[in-house]
Structure formats: structure tokens, C-alpha cells
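> These are the residues of each chain, in order.
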Amino acid sequence: MTTVLDRATASRADDPGPRRRRGRRAVVPYALIVPALLFYAVVVLYPTVAGGVYAFTDWNGRRAATFVGLDNFVQLGTDPAPRSALANTLLIAVSTTLLQTLLGLALALALHTSLVSRNVLRTLFFAPALLPPVIIGFLWQYVLTPSGPMNDALSAVGLGALTQNWLGDPSIALASVIGVIIWQNAGLTMVIYLAGLQGVPEELLEAAAIDGAGRWQRLRRVTLPLLVPATTIAMSLTLIGSLKLFDQVYVMTGGGPGYATETLSVVMYKEAFVSGRYGYSTAIALVLTMIVFAFAFVQLRGLRRFEVDA
Amino acid sequence: MSARRRSAAQLAGRFSAELGMLLAALVFAFPFYVFLSVALKTPADLAASPLSFPTDPALGNFAEAWQRGDLGQAMGNSVVVTALAVALLVGTGSIAAYALARRASRLSYGVYLLFLLGLMIPLQLGMVPLYQLMRDADLLQTYTSLIIFEVGHQLPLVVFLYAGFLRALPADYEEAARVDGAGTLRAFGSIVFPLLRPITGTVVILTSINVWNDFLTPLLYVGGSAQQTLPVAIFAFRGEFASQWQIIFAGMGIAIVPILLVYFLLQKYIIRGFASGLKG
Numbered sequence: 001m002t003t004v005l006d007r008a009t010a011s012r013a014d015d016p017g018p019r020r021r022r023g024r025r026a027v028v029p030y031a032l033i034v035p036a037l038l039f040y041a042v043v044v045l046y047p048t049v050a051g052g053v054y055a056f057t058d059w060n061g062r063r064a065a066t067f068v069g070l071d072n073f074v075q076l077g078t079d080p081a082p083r084s085a086l087a088n089t090l091l092i093a094v095s096t097t098l099l100q101t102l103l104g105l106a107l108a109l110a111l112h113t114s115l116v117s118r119n120v121l122r123t124l125f126f127a128p129a130l131l132p133p134v135i136i137g138f139l140w141q142y143v144l145t146p147s148g149p150m151n152d153a154l155s156a157v158g159l160g161a162l163t164q165n166w167l168g169d170p171s172i173a174l175a176s177v178i179g180v181i182i183w184q185n186a187g188l189t190m191v192i193y194l195a196g197l198q199g200v201p202e203e204l205l206e207a208a209a210i211d212g213a214g215r216w217q218r219l220r221r222v223t224l225p226l227l228v229p230a231t232t233i234a235m236s237l238t239l240i241g242s243l244k245l246f247d248q249v250y251v252m253t254g255g256g257p258g259y260a261t262e263t264l265s266v267v268m269y270k271e272a273f274v275s276g277r278y279g280y281s282t283a284i285a286l287v288l289t290m291i292v293f294a295f296a297f298v299q300l301r302g303l304r305r306f307e308v309d310a
Numbered sequence: 001m002s003a004r005r006r007s008a009a010q011l012a013g014r015f016s017a018e019l020g021m022l023l024a025a026l027v028f029a030f031p032f033y034v035f036l037s038v039a040l041k042t043p044a045d046l047a048a049s050p051l052s053f054p055t056d057p058a059l060g061n062f063a064e065a066w067q068r069g070d071l072g073q074a075m076g077n078s079v080v081v082t083a084l085a086v087a088l089l090v091g092t093g094s095i096a097a098y099a100l101a102r103r104a105s106r107l108s109y110g111v112y113l114l115f116l117l118g119l120m121i122p123l124q125l126g127m128v129p130l131y132q133l134m135r136d137a138d139l140l141q142t143y144t145s146l147i148i149f150e151v152g153h154q155l156p157l158v159v160f161l162y163a164g165f166l167r168a169l170p171a172d173y174e175e176a177a178r179v180d181g182a183g184t185l186r187a188f189g190s191i192v193f194p195l196l197r198p199i200t201g202t203v204v205i206l207t208s209i210n211v212w213n214d215f216l217t218p219l220l221y222v223g224g225s226a227q228q229t230l231p232v233a234i235f236a237f238r239g240e241f242a243s244q245w246q247i248i249f250a251g252m253g254i255a256i257v258p259i260l261l262v263y264f265l266l267q268k269y270i271i272r273g274f275a276s277g278l279k280g
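Protein chains in written order, with our numbering: chain A, 1 to 310; chain B, 1 to 280.
Worth flagging that the hints you see were computed from the coordinates, not collected in a lab.
Positions of the beta carbon are idealized from the N, C-alpha and C atoms, including for glycine.
Just so you know, not all the hints are guaranteed correct.
[Stated by the list, open to error] If you want the footprint, here are the derived chain B segments under chain A, 3+ residues with CB under 8 Å:
#, segment
1, 16-22
2, 31-37
3, 64-75
4, 233-244
I would like the entire structure built from these sequences, with the hints used as guidance.
In C-alpha cells form, the structure reads like this:
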């Protein structure tokens, strides 16, 4: 999403249009912003700032909050649940972002061809991204039960050795969750790449072919460099979304077994609305916020280096 | 000879690509197959042959899920919340973006960036203070609390989409209207807003899906009440029916029918909306 901020800056700098014409136009009043700003202030601005303050208190909703400095953050470093959640959240974010981008790109490249089945497949691959995460979570919870369809199907095709207690075994539960997230959202990445592929000029690919570039070289030297903007968007969306991951984990595993699939969002929710430790839970949310901003910054820096013009 | 051999090789290549993708699609679609087949099975059928497709579809599962889960009520709630939130988002978002895009001042740019910040800030940070605010205003367990939340929460995306579109839209028409004496609001309503139709389509698609599918905040605000939306009702439903998976799947099937219907009818626009909208 920093792309968004970045683009806004860029377009303002390159385009002096509105300013140039301002002289001969009646001014659009700022009052038009007020209704939107009111909603935004009540729902996002005020609560976020208040949350930022409460993160440094022992507030629990029953008695007045007192400032406790960095105590919440110190405790966060020693509590097992948020510690696992922190590691899991980072692991989920990095692996989901990389794998989903690769899978989405592969699907888009495969379907940006003359395959007869491409429209049906596009519809199919994108469908899970539109469905409620709660329902996707329950669907997979059933599919992955030890005596459930996944293991049955593996046995049926002779892969019985691969059967697992997918969500119950602490050593693979997190990988199962990551798999479900990728299954649900790979179609979204695919759709973004398909839109990006439409912007790759056919003449450029033909010219490369005439110059003797093979299929792989055309992909590497022409197509992929032109897909960097699409990659930035797809990766930012996936990264920010997976850092905030809640719904699927909450309904599939509730963070278990043990702390194997806890995420910062799930721990935060439990601390706030099960244990009533408002200050502490908000400190967890503040850590999450910092991570989101740090990742977005690093990612933007890293990806912009690869951008080229068509 | 060589030409014919090449075209034969090409044909074989295309055939194997087609086959490979179909195979991938089959694996990908497996959970959907499970979804449908479990929803149509009797408990005995499910226990006896878990993977096969039911020979005698148990349509009664859907009737039972609909009645016992009170899904009609939940679906009505979802429709009300989504429709009102999306209408408010289009109204407040388009007109705010209009002012932000047409004023080239430092202030308007600052406000624009402030909105965009909302695309990144996790809602968790403000979750407790906002919950308290809603509780103190006595709005918990009402549509109002959810609608206010969804509007504020989705506005950054809406303002971003409208402002981007408006910057590329020449101001000539509205200027002409204003020269003819139309006020700002009239010029916006009769000239600008109709021109925004393509991006309004994208906004409606993206925000409807986001609001319809939202779970965490609706769970907090309207969970367990008569106002609960579909994802919250399904969550409660799962707890209630514990291991009666065929009823749970039938209920979930009912809950996704509206989305799938709209998707199949408007898929070209929906896919384009996601691709272009997210591309910015």
C-alpha cells in the first residue's frame, strides 16, 4: 500500500494540471470533505491514536488506567503466546507473500494464452478470493480433519504415506494454515498479473523473438521486468493482508494446537476480549502496526529498484 | 515434412498444456467438490462413503440449516448493512475525493495522505477504544454501529479510487456548468458523478464484498444478537451443530449463494474491478 502513497506523490509532481488551471475556476469548497472525514475520524483516527496511548498503560476497563511505561512490551517479550504469535506472523507473511506471488504469476502466465479452458479456469481460480474467510476456514477445517477428505483422497490415489494430522500436529499446523491462505488468495494475485500482462506490448515480444530470444529469455528479459509494478501491488496487498491475518486462523485452529498457529491479531483479540487486558492487547497491536509499516517500507525500497519503462 | 512435424509437436504441446492446467484445476477445485457433496449427504451416507458424490441428494439439509440457523434473518441483516454502508461510502467518498482532487493545495494533499494511511494501519490498534466508544454510545448490537464502522474502515480505499480517477478526468464540463450558474453540489451531482460511473462500479464491487465478508468487527458488535450478519451467524452455527457437518455445509452453501450468483452474472466486471481497482 505504500505504492499507493508513492504513486500519489509521483502523480502530483508530474502533473501541474489542476494548479495551472486554478485561476479561471470557482474553488471547490473543502466542506465536501467533512462527512467522509467525520466517519474516518471516529472509526480510524481517534481510536488509533487512543490505542497508541493505551499501549503504554495497564488499562483493563475496570479501573482508571495508569501509565506503566514499556512494561507491556517487556512482558510481551516473555509471554509464550505473543512470542509465538510474533514468529508465526512473520513466517506467515514472508512465506505467503513469496509463494502466493509465484503461484499467482504461474497461473497468470498459463492462462494468458490461447488455452481453450482459460475463461473457466480463471473463474475457478479467482472464486475463493470472493468468499467469506470464515467459510473458507470451516471448509478447510473439515477437509483437513485426520479422517477427512484430504487424507482419504491421498490414500485413494496411492499417496497414503503423505497423510497427516494437518491441523492437529503442532509441527505442520502452521504450514497447513499458510496453504489454506494461499489457496484462497492466489486467484487475486493471478488477476492482478493478468491485468499487468495486458500491458506487455506484443511487438516487444515479437521483436525479441526475431532477435532470436527463446521463450524463457523473452519471459526473463521482456515480460518479467514489465510486470514489476504488478508485482509490487500484488506483494504489498498479500503482505499487509497476511500480517493482519485473523479470520481463517481463528475459525480453523483458534491459534492452537498449543501456540503453533497463534498470530498477533488472534492473540490481541483474545487478550482484549477474553482476558480483558486492554492495555496489554493494544501493545500487541502497536507491535503489529510497527511491523506493517516496516515491511511496507522495506518492500517498496526493494522492488522499486527493478522497475523499468515499457 | 518438417512443417508438418512441427505443427504436430505444437499440437502435442498445446494438448499437454491444456491437460496439465485441467489437472491443476481439479486439485484446486477439490475443496469445492467436498463442499457440495457433504452438503447433499445424509449422516449415514457421509459415514459410509465420505468421498463419493451422493446418489440421492439430501436436499433436506438446506431446509434444516435455513430454519434452525435463522439464516434468513442473517441474510437480511447482511443485505441491509452492506447496502447502506456501500451507499454511504459512494456518497461521502466520491464527494470528498472530488474536493481533494480538484484543490491543489498542501492542505488537501495532507488530508489525502491521511486517508491513505488508513490502508495500512491495522484495525487492531484502535479496536478496543472504538469498541468502548460504540458501547458508551449504546450502539452495540445495532446496524448503526456496523454501518458506521464499515464506512470509516473502507473510506481510505474509496477515496483513493475516486481521487485517482478524478485526477485523470478533465474539469472542463463542470466548469462550463458552473459558468452557467450551477452550484458546486449541482455541478457534482449532474455532471461529475455520472462521469464517475466506471470507478463507482469498481467501488461498489470491492466494498460490497469486503463488507459482506467481514467477520471480526461484526462478531464484536452484533455477535449473538438478532442483528448478526451472515459470517457471524455461520460462526455461531458451526458451534451449535458441532459435528453435523452436512448441516453446517448446507448452511455455508446458502450463505455463499448470493456471492456466487453475482459473481457468475458480473464476473467480467468483478475481475476487471479487482484488477484495475487494486492497480490504482
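> Please go over all the hints and tell whether each is borne out by the structure.
Okay, the hints, checked on the actual structure:
Only when three residues or more bring their CB closer than 8 Å to a CB of chain A does the claim for the segment 16-22 of chain B stand; here the count is 4, and the claim holds. Evaluation of the coverage hint for the segment 31-37 of chain B: fulfilled, as 4 residues show C-beta separations to chain A shorter than 8 Å, against a requirement of three. Check result for the segment 64-75 of chain B against chain A: violated, 0 residues qualifying (beta carbon to beta carbon below 8 Å, three or more required). For the segment 233-244 of chain B, the proposed coverage by chain A is satisfied: 3 residues have a C-beta within less than 8 Å of a C-beta in that chain, meeting the threshold of three.
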